[in-house]
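*Asks:* Build the full structure now, drawing on both the sequences and the hints.
Protein chains: 4
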Amino acid sequence: MGGNSFGTIFKITTWGESHGKALGVVIDGCPPRMDLSAEDIQEELDRRRPGRGKGSSPRKEKDRVEFLSGVYEGKTTGTPISLLVWNEDVDSGSYEELQDVFRPGHADFTYQAKYGIRDHRGGGRASARETVGRVAAGAVAKKILEKEKIDVMAYTVELGGIRAKKIDYPEIEKNDLRCPDGDAAKEMAQEIEKTGLQGNTLGGIVEILVRGCPAGLGEPVFDKLEADLAKGLMSIGAVRGVEVGAGFRTARMLGSECNDPMGPRGFEKNDAGGILGGISSGADILLRVAVKPIPSIGLEQKTVNHSMRPVTIKIQGRHDVSAIPRINPVCEAMVAIVLADHLLRQRAIIDGPLASGAGM
Amino acid sequence: MGGNSFGTIFKITTWGESHGKALGVVIDGCPPRMDLSAEDIQEELDRRRPGRGKGSSPRKEKDRVEFLSGVYEGKTTGTPISLLVWNEDVDSGSYEELQDVFRPGHADFTYQAKYGIRDHRGGGRASARETVGRVAAGAVAKKILEKEKIDVMAYTVELGGIRAKKIDYPEIEKNDLRCPDGDAAKEMAQEIEKTGLQGNTLGGIVEILVRGCPAGLGEPVFDKLEADLAKGLMSIGAVRGVEVGAGFRTARMLGSECNDPMGPRGFEKNDAGGILGGISSGADILLRVAVKPIPSIGLEQKTVNHSMRPVTIKIQGRHDVSAIPRINPVCEAMVAIVLADHLLRQRAIIDGPLASGAGM
Amino acid sequence: MGGNSFGTIFKITTWGESHGKALGVVIDGCPPRMDLSAEDIQEELDRRRPGRGKGSSPRKEKDRVEFLSGVYEGKTTGTPISLLVWNEDVDSGSYEELQDVFRPGHADFTYQAKYGIRDHRGGGRASARETVGRVAAGAVAKKILEKEKIDVMAYTVELGGIRAKKIDYPEIEKNDLRCPDGDAAKEMAQEIEKTGLQGNTLGGIVEILVRGCPAGLGEPVFDKLEADLAKGLMSIGAVRGVEVGAGFRTARMLGSECNDPMGPRGFEKNDAGGILGGISSGADILLRVAVKPIPSIGLEQKTVNHSMRPVTIKIQGRHDVSAIPRINPVCEAMVAIVLADHLLRQRAIIDGPLASGAGM
Amino acid sequence: MGGNSFGTIFKITTWGESHGKALGVVIDGCPPRMDLSAEDIQEELDRRRPGRGKGSSPRKEKDRVEFLSGVYEGKTTGTPISLLVWNEDVDSGSYEELQDVFRPGHADFTYQAKYGIRDHRGGGRASARETVGRVAAGAVAKKILEKEKIDVMAYTVELGGIRAKKIDYPEIEKNDLRCPDGDAAKEMAQEIEKTGLQGNTLGGIVEILVRGCPAGLGEPVFDKLEADLAKGLMSIGAVRGVEVGAGFRTARMLGSECNDPMGPRGFEKNDAGGILGGISSGADILLRVAVKPIPSIGLEQKTVNHSMRPVTIKIQGRHDVSAIPRINPVCEAMVAIVLADHLLRQRAIIDGPLASGAGM
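Residue numbers (this note's numbering), protein chains in the order written: chain B, 10 to 369; chain A, 10 to 369; chain C, 10 to 369; chain L, 10 to 369.
Just so you know, these hints were derived from the structure itself, not from any lab.
Heads up, some of the hints might be wrong.
[Unchecked claim] Here are the computed distance ranges between Cβ atoms for each label pair:
no. : chain 1 : residue 1 : chain 2 : residue 2 : range
1   : A       : Q207      : B       : G208      : 49 to 55 Å
2   : C       : R220      : L       : T321      : 44 to 50 Å
3   : L       : E82       : B       : G208      : 53 to 59 Å
4   : A       : G221      : L       : D160      : 39 to 45 Å
5   : B       : Q207      : A       : R172      : 30 to 36 Å
6   : B       : G83       : L       : E82       : 37 to 43 Å
7   : B       : I176      : A       : E266      : 26 to 32 Å
8   : A       : D360      : B       : G208      : 40 to 46 Å
9   : C       : R220      : L       : E82       : 56 to 62 Å
10  : B       : K30       : A       : R172      : 47 to 53 Å
11  : A       : Q51       : C       : R220      : 48 to 54 Å
[Claimed, not checked] Capping the alpha-carbon separation at 27 Å, the derived lysine-lysine pairs in DSS-like fashion look like this:
no. : chain 1 : residue 1 : chain 2 : residue 2
12  : L       : K84       : B       : K30
13  : L       : K30       : B       : K30
14  : C       : K278      : L       : K30
15  : B       : K203      : B       : K183
16  : C       : K323      : L       : K175
17  : A       : K30       : C       : K278
18  : A       : K152      : C       : K175
19  : B       : K203      : B       : K175
20  : A       : K30       : C       : K30
21  : B       : K84       : L       : K30
22  : B       : K278      : A       : K311
Think of the CB as a built atom: it goes at the ideal place given N, C-alpha and C, for glycine as much as any other residue.
*Replies:* As structure tokens, this is what we get:
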């Protein structure tokens, strides 16, 4: 009930603080007999590691994932998969002077208000480092989707006000910012560099595309596919808005424009973003999230301390200039987890073979 | 697991189809000894009734709510509250010709794909009429919030491309469209009339404001307050996007602009929309949702039938021109339900008096 | 969270008080395209109706079940099934004098302690009449099991100290007490008559047998099949003990006696009661529950009122002498619900066909 | 959904296999600002360690618990508590010859039937070693109960057919078997020694007493306190039966005997075992569980291999003769977890102070 679990059949529980001993995740409900290796997980973790893209924090985490349970001789056994990453490069010293201060834009004040206590070091549980567990679980979810040929991909369509003017998929893997427009990517990189030197930070927009999703996933009413996706994405710290398909653009459309006509080969356009009435339609699923600028800026800021007395702070150390592109694999992870869960939910209500054991 | 429940401690389960016998909701986890009358519920239901605002459907539902359990001598008893509204004015005849056709923009195709069967009459479970149960439950949630002086209000900030240019709260109750700008309201009404005559429909944007919410509600990580709010709002049929605080605008802000500075009297601005790190900050909570145009239009449309053969349809009967303003109380209901639930969750982790019975 | 829901994928929520307007159940997660009629439900409800066996209360409930949603043209649609039974023959007058008194053996005191309020009429929510919703949901669960040729049967192996000396299955349907030993059934009936005349009540033991359950149902660790069965059965008001297979007898067995040896054709005996390590083994599932005597006796009893002052009461009206045999279909219902739920859970983790719609 | 979580507000998730790298538990929903140290946990873990009582297995596990998250400067923070115990003394060699064989009385066959794969080493996830996580979580639950002066104690009332003839509480801590009758304890110890030399094993009965529980815990209908307790206890591998209060004895009582009369000072006897209508009454809670003999015996047994061909096996190595007394702290843990959870659930529905932070 503490809100650290997500999913229904494929259910994950993450734990760990930024400057604690370790962070990890327990995955319950993963189907048995799936190939799963530490490399599958590591590959995804490496994508969210600092020090990859430009404007990323230089904290040197090796982030080596360790399997503790649920996998035997390279295959899942159906029992809980426990994964852990140790916190190695932890210097909490620089946080000491912030111990008594509520940093603007951070969760310092609200954690204190909620719990009456908080581990202030590195943001504690509210740190973006919490997403390590999500990405690890997302890697497992992706393995489930892979078997059904479902593919999830997040890319940057806007950063610091610069928009991608085209969506050229192969370009995404070619630049650090995962932008499908190479020219825009260069501008974005310059904007990051410039803003970083000013001690400031940038926001942007990430788009998530799901290809190969069959029709029929998602439950009507409250657990609509887009509702669970919105929850999953909005639960990522920096995300402040979520839209599906034409999203906020639909507010200005006419019904005759917004409806996607169907023909013998399926939908003839896809403003619905692949979901109708909460259920996947078989068309590509398209989502977009607004990512706010990172609140840890190098400029002097006005705030208060625990006694609500005014203080000014200047956050030391180097931080990322933007949550993008490190947030992209986190978005992919959340989308993959929601889809894997709904895939298993859909299986449950269909007549199918019962025993999974050979010949029993 | 069928996705018809919402909430954790304050948990609702809705049921019913558009042209079935009745629709209703069961509320489990409502605190005992609260005053609750049918009028409390009816008042909210009347706000979403058709035939209120301009451009609303003329279907005459009396929608009289009936209490079946959980209330004794005007007070809640702590046991499940079962509420029901009978479907009286149901003419399924006009739907017969659509029995074999997938209406564009509707859930017809996806329900068929998911279940292999569907009650096609009036959209069945996918009908907006399903929200009767949500609004009834929302009325109960509002009673819980009222005791804590928390107030939830939804209003129209954009419709058919026309934006409210000012937010004048008293104006909201003065026009049918619940628009806080009287002049814009008039323009919106004209646009609705014009578009309706053309057999077309309109979308818009609804804003939801929560005043009086104490700091501390919401659970970090997955059950962040904005994540649960996003799920609740995105689970409303016509909603295609959700944002909190400055929302998609944050994508173009600098960190120094986006952070809300704190002073001795609290936050000095509120671009965070009252939520930091998933927990309410004590400031006003501000949300915005994109509402797509209603898919039932009076114009001829291209689509396919169950055999995937092309057909053209023209939906008969009169329908609403916009989901706004009838969707506004539904938005309020979902926000109220999420807040009531998190209020009870917060109580659970705080040391407090145990026995609720007098002197036991 | 109020504890009125049961199950995970096949999930039921019951509501209603003994002397309220109606009682009912909402079933969420029932697979689509199953034949389901009011008669299927009614048949099971009739089995728990008063006035059937000897020693049953004469309250004349017609208990006609009404379908409100989830079934279309005789088939389930995958949406929630809402079922309701009206309370018709309700005379709350005889309960007025008990309004301020805690009846011994009843939940009067504890409801007051928990909620600080209670609907005292007929025991309110704590009445055995609450099981109407369970039995109705159990009838739906049995339809799911039927397709897999799983059969659930409850019968009386002890009543008022009289034990069935043999288990003759065809005999069960031949006597009102559902006792598999015809001679014992006669003795039990006499004991009921005698005890009833004395204004007293009797307990007994019910055995539940499940035939045809495939191996593989049940989740290891907390959701072991026997753990969920124990919860389901212990949640029935009068049940005070539950055992599986040899149950309490295993406490005095040697390991060499207790273990069931396996041969090429399966288990050579079944002291495990069809469950090993929380998972069904394919052998018959065997459970036993202890049923306490009904607390409403016609004799004078010592107790206290709401002011904790001593009073003596004598409960008026005629009540059942024993919860047996009316509790038997309730036991069957709970077992059927648990098995149907675990059946769907097992399907979810097995690779199977995805789309349930024809050709999509 | 894999069944490895337990509880609603105070929710635990255990993971780990007998011969995997480690076992552990994540506790979500623990209230903040509670004192909690590794010693609190270690003390409980030491009670279930092998090599304590007579007839215990000689496997040398140091079982040092390691805190990974959720505790800061000796206090809980409200975030998930992750605890882990490494598997150090693991020799899987002796299990190799059992790799292809279904051991009688074990979960080998049913895991294979369910998952089509299993980690056979030491019973994998089905090993009693899984209870390490339960006991660790139980230690945290006990800290919550302690603040409310609720005390949980399990003791042995029967072992190998020898019954405790008196309940002398101070005696419980004086003998290894936790038997409240010193003379019976000696007989039990002799029986264990004798049976162990014969390569056989013994069952027994454990009683659990809860003192100081306030009235009002437990939810009516499905989440009755005794229902959740029954589930918790029945989910322990060796438990085959559970009863509350007079339990199976009530089957032979008259209503006039079974009802507990109330006087001005409360209940005048306690055959109900402290629970009425699913809610605690304020009287002592009393439960009893049947513990089957350990299935790993040193005698030759008949069984089959994965090809369902007959084989005889003789399990090597030394194993416990009885699950008692090592199972006693596991019973305490499950009861403590259920009570802590219901304590927090009861708080949620009572009006109380909202903000937990000082002055916010």
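*Asks:* Now tell me if each hint is right for this structure.
*Replies:* Now for the hints, and whether the structure bears them out:
A hinted range of 49 to 55 Å holds for the C-beta pair Q207(A) and G208(B), which are about 54 Å apart. Checking the proposed 44 to 50 Å range against R220(C) and T321(L) shows it is violated: the Cβ atoms sit about 30 Å from each other. E82(L) and G208(B) have their C-beta atoms about 32 Å apart, which leaves the hinted 53 to 59 Å range violated. At about 41 Å, the CB distance of G221(A) to D160(L) agrees with the hint of 39 to 45 Å.
Between Q207(B) and R172(A), the C-beta spacing of about 33 Å keeps the proposed range 30 to 36 Å intact. Checked against the hint of 37 to 43 Å, the pair G83(B) and E82(L) passes, with Cβ atoms roughly 41 Å apart. About 29 Å separates the C-beta atoms of I176(B) and E266(A), a value consistent with the hinted range of 26 to 32 Å. Checked against the hint of 40 to 46 Å, the pair D360(A) and G208(B) passes, with Cβ atoms roughly 43 Å apart.
A hinted range of 56 to 62 Å holds for the C-beta pair R220(C) and E82(L), which are about 58 Å apart. Between K30(B) and R172(A) the C-beta distance comes to about 52 Å, which sits within the given range of 47 to 53 Å. Here the CB-CB span from Q51(A) to R220(C) is close to 51 Å, well matched to the stated 48 to 54 Å. This hinted pair checks out: K84(L) and K30(B) have alpha carbons roughly 16 Å apart, not beyond 27 Å.
Using a Cα cut-off of 27 Å, the hinted pair K30(L) and K30(B) holds, with the two alpha carbons roughly 18 Å apart. A threshold of 27 Å between alpha carbons decides the hint, and for K278(C) with K30(L) the separation of about 36 Å lies outside it, so the pair is violated. At roughly 22 Å between alpha-carbon atoms, K203(B) and K183(B) fall within 27 Å of each other, so this suggested pair holds. Of the pairs offered as hints, the one joining K323(C) and K175(L) is violated, with about 36 Å between alpha carbons and a cut-off of 27 Å exceeded.
Among the hinted pairs, K30(A) with K278(C) is inconsistent with the structure: their alpha-carbon atoms are about 51 Å apart, more than 27 Å. Taking the CA atoms of K152(A) and K175(C), the gap is near 59 Å; set against the 27 Å cutoff, the hint is violated. Of the pairs offered as hints, the one joining K203(B) and K175(B) holds, with about 24 Å between alpha carbons and a cut-off of 27 Å not exceeded. Simply put, K30(A) and K30(C) have alpha-carbon atoms about 18 Å apart, close enough for the 27 Å limit, and the pair holds.
Among the hinted pairs, K84(B) with K30(L) is consistent with the structure: their alpha-carbon atoms are about 16 Å apart, no more than 27 Å. For the hint linking K278(B) to K311(A), the alpha-carbon distance of about 12 Å falls within 27 Å, and the restraint holds.
Hint check: violations occur at hints 2, 3, 14, 16, 17 and 18; the rest are consistent with the structure.
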